[in-house]
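2 protein chains.
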Amino acid sequence: MSSTRDIDNLIELMAKLPGLGPRSARRAVLHLIRKRALLLTPLADSLQVVAETARECLNCGNVGTTDICDICTAEKRATGELCVVEDVADLWAMERSGVFRGRYHVLGGTLSALDAIGPEQLRIPRLIDRVTSEGITEVILALNATVDGQTTAHYIADQLDGQVRLTSLAQGVPIGGELDYLDDGTIMAAMSARKDI
Amino acid sequence: MSSTRDIDNLIELMAKLPGLGPRSARRAVLHLIRKRALLLTPLADSLQVVAETARECLNCGNVGTTDICDICTAEKRATGELCVVEDVADLWAMERSGVFRGRYHVLGGTLSALDAIGPEQLRIPRLIDRVTSEGITEVILALNATVDGQTTAHYIADQLDGQVRLTSLAQGVPIGGELDYLDDGTIMAAMSARKDI
Chain F
1 MSSTRDIDNL IELMAKLPGL GPRSARRAVL HLIRKRALLL TPLADSLQVV
51 AETARECLNC GNVGTTDICD ICTAEKRATG ELCVVEDVAD LWAMERSGVF
101 RGRYHVLGGT LSALDAIGPE QLRIPRLIDR VTSEGITEVI LALNATVDGQ
151 TTAHYIADQL DGQVRLTSLA QGVPIGGELD YLDDGTIMAA MSARKDI
Chain R
1 MSSTRDIDNL IELMAKLPGL GPRSARRAVL HLIRKRALLL TPLADSLQVV
51 AETARECLNC GNVGTTDICD ICTAEKRATG ELCVVEDVAD LWAMERSGVF
101 RGRYHVLGGT LSALDAIGPE QLRIPRLIDR VTSEGITEVI LALNATVDGQ
151 TTAHYIADQL DGQVRLTSLA QGVPIGGELD YLDDGTIMAA MSARKDI
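Which chain is which? The protein sequence lines are F and R, in order.
Start counting the first sequence at 1; every next residue gets the next number (the numbering used here).
Start counting the second sequence at 1; every next residue gets the next number (the numbering used here).
Treat each hint with caution, since some may be false.
What the hints assert, rightly or not - The calculated DSBU-like cross-link candidates involving lysine-lysine, where the alpha carbons are at most 35 Å apart (straight line), are:
(1) R:Lys76 x F:Lys35
(2) R:Lys195 x R:Lys76
(3) R:Lys35 x F:Lys35
(4) R:Lys35 x F:Lys16
(5) F:Lys76 x R:Lys16
Stated by the list, open to error - According to the in silico footprint, chain F covers these stretches of chain R (three or more CB under 8 Å from chain F):
(6) 19-33
(7) 54-64
(8) 118-130
Worth flagging that the hints you see were computed from the coordinates, not collected in a lab.
The beta carbon of each residue, even a glycine, is placed where N, CA and C say it ideally should be.
Chain F with its partners taken away, still in its complex shape (with noise of 0.2 Å):
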């Protein structure tokens, strides 16, 4: 490297992230460098921000700048629906399909045996305390369809078992799914989940 100790060091923390190298991260700082007043600048400003303000929500587990999120403060969704995600990677995405107005849980995880991650080292606890001090009517377990995903789903059914109603996402073929690419669990799944018309 032939640029002075500061870009080297802003490359190398660069590559970190993920989905950038080396190679991707030397393209990026060069093109902030380019886009000084444009990029670089606001960039900087936003990440001192966030790294000063951004927490975890103390209800929920969802990412914010404040102890209680958005989400868990906004009056509107009060629902009594409480939707159960393992990440907050996941809120986001259920939050972009608009289709859910009540409030989440984030888990941080999923149980895993392997990894000594049991109830404790997730927010299941938690979820607990919430489904009776809420109010809740609805426990939608919207977990991810692996293995580790529908074992924690399980569990958490089984903890709440009789407390209130418990519903997961539909499986299926996706929208636009073309049958031919899809592996033959789904197909499995929508065959046996199908709906007259």
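Position chain R against the provided structure of chain F, taking the given hints into account.
Below, chain R without anything else, positioned relative to chain F:
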């Protein structure tokens, strides 16, 4: 988006980096927030430093944190050889290879009639100045092997003809390259420049 405005703003800025789109920007921002002490704060600080100090070398066009870059000021590198490259990224690539110990001249692009880029828009007049003022004995035209790169090389060669030794990078089979995967142009170049063993 359910996250607050500061976080949305950061995601928007990150998505403008080359190599990142909206989805990977969201992933990167979540990763940054989770690794606040290890990555987010250092990255914010580093960007702030680079935003304040990064500048183009007034002599060669390299990017650094001083008016005249480290390479131009290094006593050890005053070899009378000047390597002409299109872009700072090319200079960095040459430096990584460690094969060249002279100085550089970054053109900042290639001649292009379509985009109305003439010699004055690049650092070509400055290059011709340097050849005389710095006592350069050899100019190595390390421009990309593209049509624009080679047109620019020819133009510079015309301008400097007779004043200095002019060389260009050898063209041929890349190290580790398989003939079957090479384009016809490369094979023709390698064939016509073949060497006795």
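Evaluation of the provided hints:
Distance restraint check for R:Lys76 and F:Lys35: the Cα-Cα separation of roughly 33 Å lies within the 35 Å cut-off, and the hinted pair is therefore satisfied. Distance hint between R:Lys195 and R:Lys76 is fulfilled; the C-alpha atoms sit about 33 Å from each other, no more than 35 Å. Distance hint between R:Lys35 and F:Lys35 is fulfilled; the C-alpha atoms sit about 26 Å from each other, no more than 35 Å. In summary, the hint linking R:Lys35 to F:Lys16 is supported, as the alpha carbons are separated by about 11 Å, within the 35 Å threshold.
Between F:Lys76 and R:Lys16 the alpha-carbon distance is near 33 Å, which keeps this suggested pair within the 35 Å criterion. Restraint check on the segment 19-33 of chain R versus chain F: 11 residues with Cβ-Cβ distances below 8 Å, three needed, restraint holds. Coverage of the segment 54-64 of chain R by chain F holds [criterion: at least 3 residues with CB-CB distance below 8 Å; count 4]. Against chain F, the segment 118-130 of chain R contributes 0 residues with a C-beta closer than 8 Å to a partner C-beta. That does not satisfy the three-residue criterion, and the hint is violated.
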